[in-house]
Amino acid sequence: MFEQMIKTADSEEFDLVIEETRSRSNYWKDIWQYRELFFFLAWRDILVRYKQTVIGLAWSLLRPFLTMLVFTFIFGRLAKLPSGGVPYPILVYAAMLPWQFFSTSFTDASNSLIGNSNMLTKIYFPRIIIPTSTVIVNLVDFLISFVILIGLMFWFHFSAPWSILMLPLFLVQALLISLGSGFYVAAINVKYRDFKYIVPFVVQFGLYISPVGFSSNLIPEKWRLLYSLNPMVGVIDGFRWSITGDSKQMYMNGYYLSLTVTILFVLLGIWYFRKMERSFADII
Amino acid sequence: MSAVIKVENLGKRYIIRHQQKGYVALRDVIAEKTKNIFSSAGRLKNKEAALSGREEFWALDDVNFEVKKGDRVGIVGRNGAGKSTLLKVLSRITEPTRGKISIRGRMSSLLEVGTGFHPELTGRENIFLNGAILGMRRAEIKRKFDEIVDFADVEKFLDTPVKRYSSGMYVRLAFAVAAHLESEILVVDEVLAVGDSQFQSKCLGKMQDVSREEGRTILFVSHNMAAISKLCNKGILLNGGRLVGNADIDRIVDSYISTSFHSEFFELKDNAIDKETYFERIFLSRDKQLPKNMFSFSDDIHCVFELNGTKLNEESTLTFIIRDKNLSPVFSEHHVISNHKGKFVAIIPKTVLLPGRYYLQSMLHVPNVKFLDNNEDYISFSIEETGSKNAVYNVDLGFVNIPVLWEE
Chain A
0 MFEQMIKTAD SEEFDLVIEE TRSRSNYWKD IWQYRELFFF LAWRDILVRY
50 KQTVIGLAWS LLRPFLTMLV FTFIFGRLAK LPSGGVPYPI LVYAAMLPWQ
100 FFSTSFTDAS NSLIGNSNML TKIYFPRIII PTSTVIVNLV DFLISFVILI
150 GLMFWFHFSA PWSILMLPLF LVQALLISLG SGFYVAAINV KYRDFKYIVP
200 FVVQFGLYIS PVGFSSNLIP EKWRLLYSLN PMVGVIDGFR WSITGDSKQM
250 YMNGYYLSLT VTILFVLLGI WYFRKMERSF ADII
Chain B
0 MSAVIKVENL GKRYIIRHQQ KGYVALRDVI AEKTKNIFSS AGRLKNKEAA
50 LSGREEFWAL DDVNFEVKKG DRVGIVGRNG AGKSTLLKVL SRITEPTRGK
100 ISIRGRMSSL LEVGTGFHPE LTGRENIFLN GAILGMRRAE IKRKFDEIVD
150 FADVEKFLDT PVKRYSSGMY VRLAFAVAAH LESEILVVDE VLAVGDSQFQ
200 SKCLGKMQDV SREEGRTILF VSHNMAAISK LCNKGILLNG GRLVGNADID
250 RIVDSYISTS FHSEFFELKD NAIDKETYFE RIFLSRDKQL PKNMFSFSDD
300 IHCVFELNGT KLNEESTLTF IIRDKNLSPV FSEHHVISNH KGKFVAIIPK
350 TVLLPGRYYL QSMLHVPNVK FLDNNEDYIS FSIEETGSKN AVYNVDLGFV
400 NIPVLWEE
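Protein chains in written order, with numbering that gives the first Met the number 0: chain A, 0 to 283; chain B, 0 to 407.
Check each hint, because a few of them may be wrong.
[To be verified] The calculated PhoX-like cross-link candidates involving lysine-lysine, where the alpha carbons are at most 25 Å apart (straight line), are:
| hint | chain 1 | residue 1 | chain 2 | residue 2 |
| --- | --- | --- | --- | --- |
| 1 | A | Lys28 | B | Lys5 |
| 2 | B | Lys141 | A | Lys28 |
| 3 | A | Lys274 | B | Lys32 |
| 4 | B | Lys32 | A | Lys190 |
| 5 | B | Lys155 | A | Lys50 |
Source of the hints: derived by calculation from the structure; they are not laboratory data.
One chain only, chain A, in its complex shape (with noise of 0.2 Å):
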């Protein structure tokens, strides 16, 4: 009895334990206490970028309704690639938003962790929240640019089909992506600076391969699967199927390939991030 009254006392309770060995319950719940500072950070961000600006707000929109034109130009005029009915713009602007979205994330998110690098070795915060927000931040962007879709339809006078109540899924499987690649890219370009020149390299490399400028209808029947391993296809034209309608741009099979490796995208991005993590302040 008097054993037992000894052993209670002595295992006071701890709120926290730090050790090498131990599991990270602790991560998960520290992001729910945490998570007012994904947004503080987005703002952050968001505010900054159009502080001393005078066009500021409007670059959300300029920049994807200029490429748009472009696009249109070049693929829809000179090139004369089919669009299958739809008005070249809108079947244009239907893959520049979630390609926009991404390779903008992609990018931010790389250089996220080295950008904020004072905060990494000077302040405890989970460091995944990092290249969320900048994740968030550019899906701002993205609601923006939205609106000159909305403005494009009307234009076209282009009724909106039902498939468009489908376009949050696919957003949010832009989402998985960008956040997937992000992590991994963010946590690889602490340790190996190189990718700072790659990752441009890729964006520009991805831009050409993935349906932009063209409708993944052009691919041949027989490499469409394999197409469709680039998971950006499956978001594209799961984009252009829901604002377009047209059920060609739907490859079905291709689709759920695309989607798995998004998720898997996403695995490893999480996973790769977590084992580098402990060490990010100390490589920084």
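Add chain B to chain A, keeping to what the hints say.
Okay, now just chain B, sitting in the frame of chain A:
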């Protein structure tokens, strides 16, 4: 009272890779790995090279201590002793290689002032941002907003971008946010090194309040022995990553200073010196002959400086500074020397310095031009209590006994 922080066998190891470039390039790693694939001899060579380029450095080694609730612990040690690393591990910024830390209660760290401040944002915006980064909820920040602005004294400039602030305002604002954290344990690293003395005493005062009135626990790293002595009740001494002292703060400060400066006199070992003027011997004495380090309150203290040199500079000045037990200066004396060689004696009159431990710092220089010899070996001495007016009081009442005249 039970422990709020318990550190057991803590170790932190860094691996130093000797490499020319500042960061690891993927291209090099791939080249190395490809080389290894194609030649086993190459693999051996590379492994050796890799091993020889690796060095283990234990920033912390088998550190054990406990902190009780309400303690104000000063962490002292030389540069490189492991103080900042200890704080980093406690703050979860870096992981321990060995050992375990157990913490009870919320802990906030202030390792740098203004972390996360963005120059383009206004003071108001930065308060929210910084507070969030430090772990405060938005509601909490809103609640404390006025207090924070009041403490920082920047109300007029709340809506100007922080890049326009003076460095003093910047630091005040940053500290104000951190000072209002509601965590039970506060870890502070040398941040008070910035800011003017008024600000520093304000910060110290705030930390004292926070600890005494609210019973919060503080861990404080600083090189300012005076500040540490004032604020803390306990101390931890680190040396080369090891814990070498864990006691009341006065003993720790004394231990730290006296192990850093334990000379009883100075004697130059090297005979072939080609300087204009330099110290050959420095010692304290009662009779200008025998070196002594303990004096009574009623002794004249002779500071004997034996000089040598090659030539005299017209304005060569011998300056000595008497420092107290915390290394803060008590007074200094400047004397233009008449000769570059010889014995110079400065007599500190009896009953001027109150009993205590002191350090003598000496230097030879041409004022505002150059140093001739800056002697870094402070000489320690002490004055014993043998009947000063302050003998009845057991409190620190200053260092000097000034012959004040009264009229009634």
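Checking against the hints above, which ones are violated?
-> Violated: none.
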